[in-house]
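Using the sequences and the hints, build the whole thing.
Number of protein chains: 2
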Amino acid sequence: MEQRLTNSKRRLGLIGFGAFGQLAAGALARDFAIVAHDPNPAARMAMHRLAVTPAPLETVAASPIVVIAAPVSAFGQIAAAIAPHLPPGALVCDVGSVKMAPAAILDAALPGHVRIVATHPLFGPQSARDGVAGRKIALCPLRGASARPVERFLARRLGLDVIVTTPEQHDRELAVVQGLTHLVARAITELGPPQTRMTTLSYERLMEAVAMVRDDAPEVFAAIERDNPFAADVRAAFLDRLTVLSAANRDQRRAAGSDCAQSQ
Amino acid sequence: MEQRLTNSKRRLGLIGFGAFGQLAAGALARDFAIVAHDPNPAARMAMHRLAVTPAPLETVAASPIVVIAAPVSAFGQIAAAIAPHLPPGALVCDVGSVKMAPAAILDAALPGHVRIVATHPLFGPQSARDGVAGRKIALCPLRGASARPVERFLARRLGLDVIVTTPEQHDRELAVVQGLTHLVARAITELGPPQTRMTTLSYERLMEAVAMVRDDAPEVFAAIERDNPFAADVRAAFLDRLTVLSAANRDQRRAAGSDCAQSQ
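Chains as they are written, first to last, in the UniProt record's numbering: chain P, 1 to 264; chain D, 1 to 264.
Hints were generated in silico from the structure; no laboratory data involved.
Predicted, not measured: the structure shown is a model, and the values here were computed from it.
You can take every hint at face value.
Given that identical chains are not distinguished, each listed pair holds provided it fits within a single copy or across any two copies.
No farther apart than 20 Å at their CA atoms in a straight line, the calculated lysine to any residue pairs in the SDA-like style are these:
1. K136 with T196
2. K136 with E204
3. K136 with E208
4. K136 with Q195
5. K136 with E168
Listed below in structure tokens is the structure:
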């Protein structure tokens with residue numbers, strides 16, 4: 001597949017041209033003639049700026065490869081809208097931050113002749129601002145025999161570290177990896193601006209993590225925390241540990257009394 | 001002061017030879033003849049390994065410069081024990097992770113002829129494993145005119161970024177910087193081993209922060225969370241944000257029903 005891809009530019013339809021759609025377009029432009037659809041005016045301007053051809057949804061869906069880079073909450077609507085227009089044997093990929101729900105939606109809504117490979121690029125505009133090479137991507141083969149060529153293209157042509165997994169295993173691990181990180185980042189951001197004067201190296205690392213995800217679209221946070229079926233349990237366990245630790249310190253402080261903790 | 005320090009090795013008494021005392025001894029050995037006291041057998045072995053002279057507490061306290069590198073909870077006992085042995089005009093410094101409680105204890109317990117400069121090196125064995133130069137240290141001038149020479153020594157001789165502040169301002173800022181970081185790190189550590197396969201860059205940064213403080217002595221965590229009078233409020237505000245965010249995602253998931261979030 002990668003030979004064909006690199007010798008002639010096949011058309012690739014991109015549905016959704018937000019922050020990640022734009023990143024994907026940049027990474028894929030060398031190998032594909034990209035047509036994109038996004039009703040958002042800011043997204044249309046971004047297409048113009050990045051020389052990506054805007055097109056109606058039906059035209060984009062009629063491509064041999066279709067990549068859905070839209071919020072997970074829109075997947076049902078998008079899958080139903082593109083289903084009648086997909087050409088026989090088309091390859092449909094998504095880039096959502098969860099995999100179980102999108103996999104189920106695409107499998108249920110897309111015609112039997114369509115091949116489906118679900119992916120989750122484990123990076124974003126912040127963490128891949130120096131390029132996507134070396135970054136990780138999770139890949140779930142769902143339907144058809146297209147996963148291996150896609151895997152080879154991502155690994156050899158884009159330089160990505162491809163992790164082949166199942167939607168459930170993905171969502172279990174990412175409930176920790178993204179569920180914890182984005183929750184902590186959001187809560188810390190809401191507490192106010194970061195300290196910059198008396199900082200420790202560990203606090204600086206923590207704030208680097210916060211800065212990387214702070215500006216993610218609200219839909220990304222929703223997908224990670226709301227649409228991942230394992231995220232609620234991870235949050236609950238984390239909150240439980242924090243509550244116990246916090247209470248233990250409060251009790252110790254009371255027990256210490258005027259000894260040293262409250263001596264001033 | 002730094003001229004004298006570098007021309008002849010003055011005696012420096014180090015009270016406490018745990019992880020940070022050992023780090024301090026390494027950084028100060030070029031300029032001082034260090035005698036140390038720590039009743040812990042492991043600490044005595046570390047002194048032998050680092051060629052630092054062990055001595056009784058009275059001998060260590062009889063030095064012109066005394067550095068207390070012990071848990072904050074032991075400060076009252078240590079201050080009372082060393083007070084009668086400190087020579088006239090002795091300089092006493094501490095390196096505790098909070099500053100209000102130690103400042104009050106030292107000021108109350110040490111004789112009037114003793115000069116006091118409280119410090120908080122904003123690094124530890126993990127974050128300063130490549131050396132202390134370039135790292136930050138908070139410095140609170142408490143009593144006597146010794147703060148400026150100490151500041152110059154720390155900046156010019158050790159290459160530290162010295163931040164002069166008050167105990168209260170220090171504790172207010174560090175309640176966020178260390179209070180949040182150590183609480184998050186402890187809670188995440190208790191959840192289990194870190195994910196290593198499908199990781200994002202932001203999660204990796206978060207886990208770097210965790211790894212830097214994970215092995216700190218329990219006394220360090222206690223000082224940061226229990227002995228800092230502002231830490232409880234920071235923890236409460238953080239827990240409140242987390243609880244609100246967690247509940248909002250749970251409610252949204254319920255509202256979404258079988259739409260997409262629970263479609264598999």
